[in-house]
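Chains as they are written, first to last, in UniProt numbering: chain A, 1 to 92; chain B, 1 to 422.
In short, the hints are calculated from the structure, not lab data. All residues carry an ideal CB built from backbone N, CA and C; glycine is no exception. Misleading hints may appear alongside valid ones.
[As the list claims (entries may be wrong)] Not everything, but these chain A residues come out facing chain B in the computed CB check (under 8 Å):
#, residue
1, VAL20
2, LEU22
3, ASP28
4, GLN33
5, TYR40
6, PRO48
7, ARG61
8, GLU64
9, LEU69
10, ALA73
11, GLY84
12, TYR85
13, SER92
[Unchecked claim] Far from chain A, by Cβ distances over 12 Å, these chain B residues were calculated:
#, residue
14, GLY299
15, VAL304
16, SER316
17, ASP346
[What the hints assert, rightly or not] For each label pair, taking beta carbons as the anchor points, the in silico distance ranges come out as:
#, chain 1, residue 1, chain 2, residue 2, range
18, B, ALA271, A, SER7, 36 to 46 Å
19, B, ASP47, A, LEU69, 11 to 21 Å
20, B, LEU368, A, PRO8, 39 to 49 Å
21, A, LEU56, B, PRO249, 22 to 32 Å
22, B, GLY114, A, GLU49, 29 to 39 Å
23, B, GLY22, A, GLU70, 29 to 39 Å
If you want the building blocks of each chain, they are given just below.
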Amino acid sequence: MSDDAVSPEEVRHVAELARVDLDDDEVDRFTGQFADILEYFETLDEVPEVDRDADLANVMRPDEERTSLESEAALGNAPETEDGYFKGPNVS
Amino acid sequence: MSDDIFITEERIEGADDGPLAGKTVAVKDNISTEGVRTTCGSRMLEDYVPPYDATVVSRLTEAGATIVGKANMDEFGMGTTTETSYFGETDNPAAPGHVPGGSSGGSAAAVAAGEADLALGSDTGGSVRCPAAFCGVVGIKPTYGLVSRYGLVAYGNSLEQIGPFGETVEDAAELLDVIAGSDDRDATTRSEGDDANYAEAATGDVDGLSIGVPTELLEGADEGVVETFWKALGELEDRGAEYHEVSLPSVEHAVEAYYVIAMSEASSNLARFDGVRYGHSGGYDGNWNETFARAREEGFGDEVKRRILLGTYALSAGYHDKYYKKAQDARAWVKQDFDEALSEADVLASPTMPVPPFELGESLDDPLQLYLADANTVPVNLADLPAISVPAGETDGLPVGLQLVGPAFGEERLIRAASALA
Numbered sequence: 001m002s003d004d005a006v007s008p009e010e011v012r013h014v015a016e017l018a019r020v021d022l023d024d025d026e027v028d029r030f031t032g033q034f035a036d037i038l039e040y041f042e043t044l045d046e047v048p049e050v051d052r053d054a055d056l057a058n059v060m061r062p063d064e065e066r067t068s069l070e071s072e073a074a075l076g077n078a079p080e081t082e083d084g085y086f087k088g089p090n091v092s
Numbered sequence: 001m002s003d004d005i006f007i008t009e010e011r012i013e014g015a016d017d018g019p020l021a022g023k024t025v026a027v028k029d030n031i032s033t034e035g036v037r038t039t040c041g042s043r044m045l046e047d048y049v050p051p052y053d054a055t056v057v058s059r060l061t062e063a064g065a066t067i068v069g070k071a072n073m074d075e076f077g078m079g080t081t082t083e084t085s086y087f088g089e090t091d092n093p094a095a096p097g098h099v100p101g102g103s104s105g106g107s108a109a110a111v112a113a114g115e116a117d118l119a120l121g122s123d124t125g126g127s128v129r130c131p132a133a134f135c136g137v138v139g140i141k142p143t144y145g146l147v148s149r150y151g152l153v154a155y156g157n158s159l160e161q162i163g164p165f166g167e168t169v170e171d172a173a174e175l176l177d178v179i180a181g182s183d184d185r186d187a188t189t190r191s192e193g194d195d196a197n198y199a200e201a202a203t204g205d206v207d208g209l210s211i212g213v214p215t216e217l218l219e220g221a222d223e224g225v226v227e228t229f230w231k232a233l234g235e236l237e238d239r240g241a242e243y244h245e246v247s248l249p250s251v252e253h254a255v256e257a258y259y260v261i262a263m264s265e266a267s268s269n270l271a272r273f274d275g276v277r278y279g280h281s282g283g284y285d286g287n288w289n290e291t292f293a294r295a296r297e298e299g300f301g302d303e304v305k306r307r308i309l310l311g312t313y314a315l316s317a318g319y320h321d322k323y324y325k326k327a328q329d330a331r332a333w334v335k336q337d338f339d340e341a342l343s344e345a346d347v348l349a350s351p352t353m354p355v356p357p358f359e360l361g362e363s364l365d366d367p368l369q370l371y372l373a374d375a376n377t378v379p380v381n382l383a384d385l386p387a388i389s390v391p392a393g394e395t396d397g398l399p400v401g402l403q404l405v406g407p408a409f410g411e412e413r414l415i416r417a418a419s420a421l422a
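Please build the complete structure, drawing on both the sequences and the hints.
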């Protein structure tokens with residue numbers, strides 16, 4: 001395991017950034033697994049810098065009106081709606 | 001239904017006639033079907049019913065196919081065994097007691113068990129080819145941009161393509177004919193394959209075919225798998241093909257590059273699952289962040305959380321250059337290597353999977369070991385190239401797949417070569 005192996009606090013911090021609650025068991029398990037996996041990812045340091053022949057082009061289409069989902073269909077899977085809107089929790 | 005092949009069994013009737021009239025198709029449960037729930041193998045989407053069809057689904061029904069069910073899969077396409085499905089694992093019809101491979105394990109099993117004539121899966125790092133190899137059927141991972149991803153629930157969007165399964169190469173090619181081609185709803189599709197005829201290419205003619213065998217993809221593979229691979233290659237030789245060894249030094253780093261890129265994309269793509277507009281809801285106590293985090297704790301399984309967290313880590317401040325940027329360098333290197341090898345060979349051949357199918361439950365505890373099993377398939381996704389897995393024979397009664405890789409939009413060449421074996 002390398003010196004900068006991931007700590008339980010870091011796993012909790014990343015989980016907070018990703019908006020995923022974890023229970024203590026999960027934190028413990030992931031801490032061990034992440035150490036192995038991240039150490040393995042570090043072998044990417046051996047990869048030489050490579051010229052990428054960028055062959056990229058923007059894809060545009062005419063800005064034409066198209067039919068879209070009816071709002072009833074768009075709301076059909078929402079756990080809660082109100083007056084034709086999605087209803088979610090408070091933002092803060 | 002035996003073996004948990006389908007998450008939802010439901011008949012969606014196609015048009016009265018068309019090239020697939022009379023054919024039944026199983027569709028992986030991350031491909032949207034209007035009015036039929038599409039779960040991605042996840043508790044998060046257990047009750048989600050898409051209000052529209054994926055482009056490939058409209059093309060199937062217009063071609064006369066009958067969809068018979070939504071096939072089981074690793075949750076959100078993340079896995080190599082179909083054991084991470086919230087709805088339970090699928091048994092392998094070709095090797096009972098073993099995994100069907102993943103993540104499109106239900107789709108491959110449906111064809112192997114005769115529950116459907118054909119099937120659709122999706123392949124982000126091998127998820128069509130691995131279950132094809134483990135279940136003894138044919139699976140095609142198309143060139144990136146050949147098949148529309150409109151209506152496919154995204155996991156690693158720069159890597160994944162929807163691909164067909166069949167019992168024979170010609171069957172799979174017929175399905176590819178129907179789903180391939182540009183789509184104005186997916187700006188990453190290209191027009192190169194619009195005039196192709198894949199089924200007609202399945203002539204079995206390999207006379208004069210030049211096959212490159214990347215030595216790196218044989219190193220470390222199971223002995224019985226390698227033996228079966230050489231036997232199948234010998235069959236192609238007998239029919240007029242010749243092979244030579246090639247070296248792809250970059251593939252030594254493909255697995256780590258693949259997982260960094262796929263996890264990073266997953267952390268972004270799966271951010272949409274907040275339990276507000278659709279999906280599992282965590283209840284409304286607390287603010288948005290708190291309820292969002294609770295919905296995701298309950299809705300996602302272990303492997304999905306693992307990848308979202310590792311992807312978030314790899315993209316976070318201070319680590320972006322160390323992991324993500326390096327992974328993109330490795331991706332460019334892999335592309336370059338393949339281009340070079342394919343300038344001196346018509347196709348490249350290797351075992352599809354370095355190991356025979358695991359026993360059910362055998363591999364779940366060590367995620368890193370499982371990631372390494374994808375060594376032969378992920379380089380192809382990094383390089384955006386097409387590949388096919390075709391049955392090569394058996395080792396100890398377990399199916400072994402042979403993978404052929406071709407140049408971009410070289411599906412006809414792959415189909416012609418592979419049809420000499422199945």
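Practice task
Find the hints from earlier in the document that the structure breaks and name them by number, from lowest to highest.
Solution key: 3, 8, 11, 12, 14, 15, 16, 18, 20 and 22
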